[in-house]
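Going down the list, the sequences are from chains A and B.
Quick note: the first sequence, position 114, residue 114 per my numbering, numbers continuous.
Quick note: the second sequence, position 100, residue 100 per my numbering, numbers continuous.
Keep in mind that the hints were calculated from the coordinates and are not lab data.
Watch out, some of these pointers could steer you wrong.
Label-pair ranges, simulated between beta-carbon atoms [as the list claims (entries may be wrong)]: (1) A:76 <-> B:11: 32 to 40 Å; (2) A:120 <-> B:41: 45 to 53 Å; (3) B:36 <-> A:102: 38 to 46 Å; (4) B:24 <-> A:50: 23 to 31 Å.
Here are a few chain B residues that sit away from chain A, every Cβ distance over 12 Å (derived from the structure) [what the hints assert, rightly or not]: (5) 7; (6) 14; (7) 38; (8) 44; (9) 57; (10) 58; (11) 64.
A short, non-exhaustive set of chain A residues, derived as facing chain B with CB atoms under 7 Å [stated by the list, open to error]: (12) 14; (13) 15; (14) 24; (15) 30; (16) 92; (17) 98; (18) 101; (19) 102; (20) 103; (21) 108; (22) 110; (23) 111.
Since the model is a prediction, treat every value here as computed from it, not as a measurement.
Note that CB positions come from ideal geometry on N, CA and C, so glycine has one too.
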Amino acid sequence: MERSRLRSVLYVEDEPDIRDILQLALSLKGELTVHTRESGGAALELLRHSPPDLVLLDAMMPEMDGPATLAHMRADPKIPKVPVVFVTAKAMPEDITRLIALGACGVIPKPFDPMRVTEELYAIWEGIADVPGG
Amino acid sequence: MSPADELLKQRRAELARRFLERSHQEALALLPRLAEARPGVTLAGAADIKMFAHKIRGTGATLGMDSLSDLAGELEALLTKLGGISPAAQDLAALNHAARRLFEDIERLLA
């Protein structure tokens with residue numbers, strides 16, 4: 001099964017510098033349209049009206065963290081089942097297993113290399129196509 | 001290196017500078033609390049200082065400042081180890097040493 005080309009991404013991250021560098025990296029090297037939001041709540045609002053092809057979620061955010069945001073996404077009938085990739089400093093194998101079990105299709109560990117993170121994201125995107133129904 | 005790589009590298013340097021300037025201001029506000037702390041007395045603002053160190057560890061590494069990230073990681077680890085307790089004199093000395101090294105590295109990178 002071949003998934004359509006990745007065109008747009010929403011990155012949800014509370015740290016402004018991390019948000020800016022990843023947005024730059026994906027726009028410059030991946031030629032992607034990258035929307036950003038600073039919180040899970042703001043992301044849900046955007047997702048209801050203009051969902052992207054994929055959501056990148058910071059796992060650790062104040063108030064509504066990444067897993068809670070994902071749970072809200074899946075519980076909201078107005079939000080389509082957009083693939084989610086977590087971005088997290090806690091990326092030990094058991095952490096990754098836990099995040100995948102929550103419904104994520106991949107994990108990008110922090111700190112990431114801005115020069116290479118686009119390739120990392122594309123590899124995850126290609127992997128989604130290998131999963132039946134992915 | 002492609003033009004996109006060159007531009008990304010340049011923008012990363014600009015973001016790093018902005019981050020350092022902001023961190024310098026935060027350090028000036030937060031780190032004196034460590035210097036003023038007394039052994040056996042609950043450390044005021046420990047959670048804020050730990051969050052500050054955590055942020056520098058993560059963002060510093062992402063923006064290519066590995067030494068800064070490592071020093072912030074040392075301060076964060078010390079604060080994690082101590083938890084919410086009142087630090088003994090030797091713990092306080094270790095915290096102040098780690099904080100001083102972090103601050104000096106911020107100033108070195110800003111120079």
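Hint check:
1. A:76 <-> B:11: 32 to 40 Å: holds, 35 Å
2. A:120 <-> B:41: 45 to 53 Å: Roughly 46 Å apart at Cβ, these two residues keep to the hinted range, so it holds.
3. B:36 <-> A:102: 38 to 46 Å: Given a distance of about 43 Å, which is inside 38 to 46 Å, the answer is holds.
4. B:24 <-> A:50: 23 to 31 Å: The hint (23 to 31 Å, Cβ to Cβ) is violated, given that residue 24 of chain B and residue 50 of chain A are roughly 38 Å apart.
5. 7: Label violated. Min Cβ-Cβ 6 Å, cutoff 12 Å.
6. 14: violated, 10 Å
7. 38: holds, 30 Å
8. 44: Holds, since 21 Å exceeds 12 Å.
9. 57: Residue 57 of chain B not clear of chain A: closest Cβ-Cβ about 8 Å, inside 12 Å.
10. 58: violated, 6 Å
11. 64: Nearest chain A Cβ is 8 Å from residue 64 of chain B, so the label is violated.
12. 14: Result: violated, 10 Å to nearest chain B Cβ.
13. 15: holds, 6 Å
14. 24: Given a least distance of 5 Å, the restraint on residue 24 of chain A holds.
15. 30: violated, 9 Å
16. 92: violated, 16 Å
17. 98: Status violated, d = 20 Å.
18. 101: violated, 24 Å
19. 102: Violated - the Cβ of residue 102 of chain A stays beyond 7 Å from chain B, reaching only about 21 Å at its closest.
20. 103: Hint violated; residue 103 of chain A Cβ to chain B Cβ min 24 Å, cut 7 Å.
21. 108: violated, 11 Å
22. 110: holds, 6 Å
23. 111: holds, 4 Å
Of the hints listed earlier, those the structure fails to meet are numbers 4, 5, 6, 9, 10, 11, 12, 15, 16, 17, 18, 19, 20 and 21, in rising order.
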